[in-house]
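**Student:** If you want the building blocks of each chain, they are given just below.
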Amino acid sequence: DVKVTQSSRYLVKRTGEKVFLECVQDMDHENMFWYRQDPGLGLRLIYFSYDVKMKEKGDIPEGYSVSREKKERFSLILESASTNQTSMYLCASSLRTEGALSNEKLFFGSGTQLSVL
Amino acid sequence: QKEVEQDPGPLSVPEGAIVSLNCTYSNSAFQYFMWYRQYSRKGPELLMYTYSSGNKEDGRFTAQVDKSSKYISLFIRDSQPSDSATYLCAIFNTNAGKSTFGDGTTLTVKP
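Protein chains in written order, with my numbering: chain A, 1 to 117; chain B, 118 to 228.
Hints in this document: simulated from the structure, not taken from any laboratory. By construction, the Cβ of each residue, glycine as well, lies at the ideal position given by its N, Cα and C atoms. Careful, some of the hints might be misleading.
Label pairs and their computed distance ranges (CB to CB) [as the list claims (entries may be wrong)]:
#, chain 1, residue 1, chain 2, residue 2, range
1, B, S186, A, R73, 27 to 33 Å
2, A, E22, B, E120, 26 to 32 Å
3, B, S199, A, M54, 37 to 43 Å
4, B, S169, A, S80, 30 to 36 Å
5, B, T225, A, M54, 38 to 44 Å
6, B, K184, A, T5, 21 to 27 Å
7, B, N172, A, P61, 23 to 29 Å
8, B, T167, A, T5, 42 to 48 Å
9, A, D38, B, N144, 20 to 26 Å
10, A, S80, B, A134, 45 to 51 Å
11, B, I135, A, M54, 41 to 47 Å
12, A, E22, B, E132, 38 to 44 Å
13, B, N172, A, S8, 39 to 45 Å
Residues of chain A placed beyond 10 Å of chain B at every Cβ, according to the derived structure [unchecked claim]:
#, residue
14, S8
15, V19
16, V24
17, D26
18, L43
19, I60
20, Y64
21, E104
22, L106
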């Protein structure tokens with residue numbers, strides 16, 4: 001069974017702290033994504049990666065960075081957490097399709113609910 | 118204007134009802150159309166996907182796409198309490214390599 005694991009289910013941090021959200025997938029997928037989910041705003045793409053060491057900005061990258069040192073692991077970093085980064089963070093992965101950058105089928109983790117106080 | 122607009126809900130229906138969930142989109146480059154189901158405190162899971170206009174059926178679920186109107190729907194027949202969840206439409210742009218999601222519709226099926 002496919003699995004995307006996010007290291008923390010709930011996280012509480014203080015304003016200004018550096019925050020690391022970790023995501024690991026065991027499906028040998030090339031593509032990994034970080035979304036945030038907020039009521040009334042849906043899922044918004046923060047960053048994604050098509051391969052190790054590669055990263056692409058999504059729709060709302062400001063205030064975030066990412067790291068992909070190994071194929072199975074994709075980390076989201078909040079350099080200096082702010083209250084407006086309180087949200088549900090979802091990691092996802094997908095397989096690369098021949099002739100295309102990505103595949104439409106996303107597999108999600110269970111999410112990390114981050115509260116910044 | 119959002120690229121994907123989803124009927125906001127919430128929806129509350131009795132068990133056995135037919136449910137219709139709807140989205141519209143604006144970008145003609147969108148090529149794959151998906152529905153994800155998200156239970157409370159869980160991540161979304163892919164329920165159905167299609168890439169052509171018409172209907173695709175899977176058990177009690179039917180996904181419908183009308184590319185000329187840029188309109189997609191998910192129908193649930195004989196709805197069950199276990200169908201209570203948030204349903205997200207998502208549209209994949211092959212050129213960009215990413216999906217754009219609707220805001221989600223929360224469905225409650227009452228026994």
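**Student:** Over 10 Å to the closest beta carbon of chain B is the bar; see if E104 (chain A) clears it.
**Tutor:** violated (4 Å)
**Student:** Within 41 to 47 Å or not, the Cβ separation of I135 (chain B) and M54 (chain A)?
**Tutor:** holds (45 Å)
**Student:** Range hint 38 to 44 Å: satisfied by the CB atoms of E22 (chain A) and E132 (chain B)?
**Tutor:** Taking Cβ atoms as reference, E22 (chain A) and E132 (chain B) lie about 40 Å apart, which means the hint holds.
**Student:** E22 (chain A) and E120 (chain B), beta-carbon distance inside 26 to 32 Å?
**Tutor:** holds (30 Å)
**Student:** Minimum Cβ separation between L106 (chain A) and chain B greater than 10 Å?
**Tutor:** violated (7 Å)
**Student:** Does the beta carbon distance between S186 (chain B) and R73 (chain A) stay inside 27 to 33 Å, or does it fall outside?
**Tutor:** Violated - the Cβ-Cβ distance for S186 (chain B) and R73 (chain A), about 42 Å, lies outside 27 to 33 Å.
**Student:** Just double-check S8 (chain A) for me: nearest Cβ-Cβ distance to chain B has to come out over 10 Å.
**Tutor:** holds (14 Å)
**Student:** Taking C-beta pairs only, is L43 (chain A) more than 10 Å away from all of chain B?
**Tutor:** Violated, because the least Cβ-Cβ distance between L43 (chain A) and chain B comes to about 4 Å, which does not exceed 10 Å.
**Student:** With 20 to 26 Å as the target window, see if D38 (chain A) and N144 (chain B) comply at their CB atoms.
**Tutor:** Taking Cβ atoms as reference, D38 (chain A) and N144 (chain B) lie about 22 Å apart, which means the hint holds.
**Student:** Could you let me know if the closest chain B CB is still more than 10 Å away from the CB of I60 (chain A)?
**Tutor:** holds (13 Å)
**Student:** Checking the smallest CB distance to chain B, is V24 (chain A) really beyond 10 Å?
**Tutor:** holds (14 Å)
**Student:** Taking the shortest Cβ-to-Cβ distance between V19 (chain A) and chain B, state whether it exceeds 10 Å.
**Tutor:** holds (19 Å)
Checked against the numbered hints above, the structure breaks hints 1, 4, 6, 7, 8, 18, 21, 22 and satisfies the rest.
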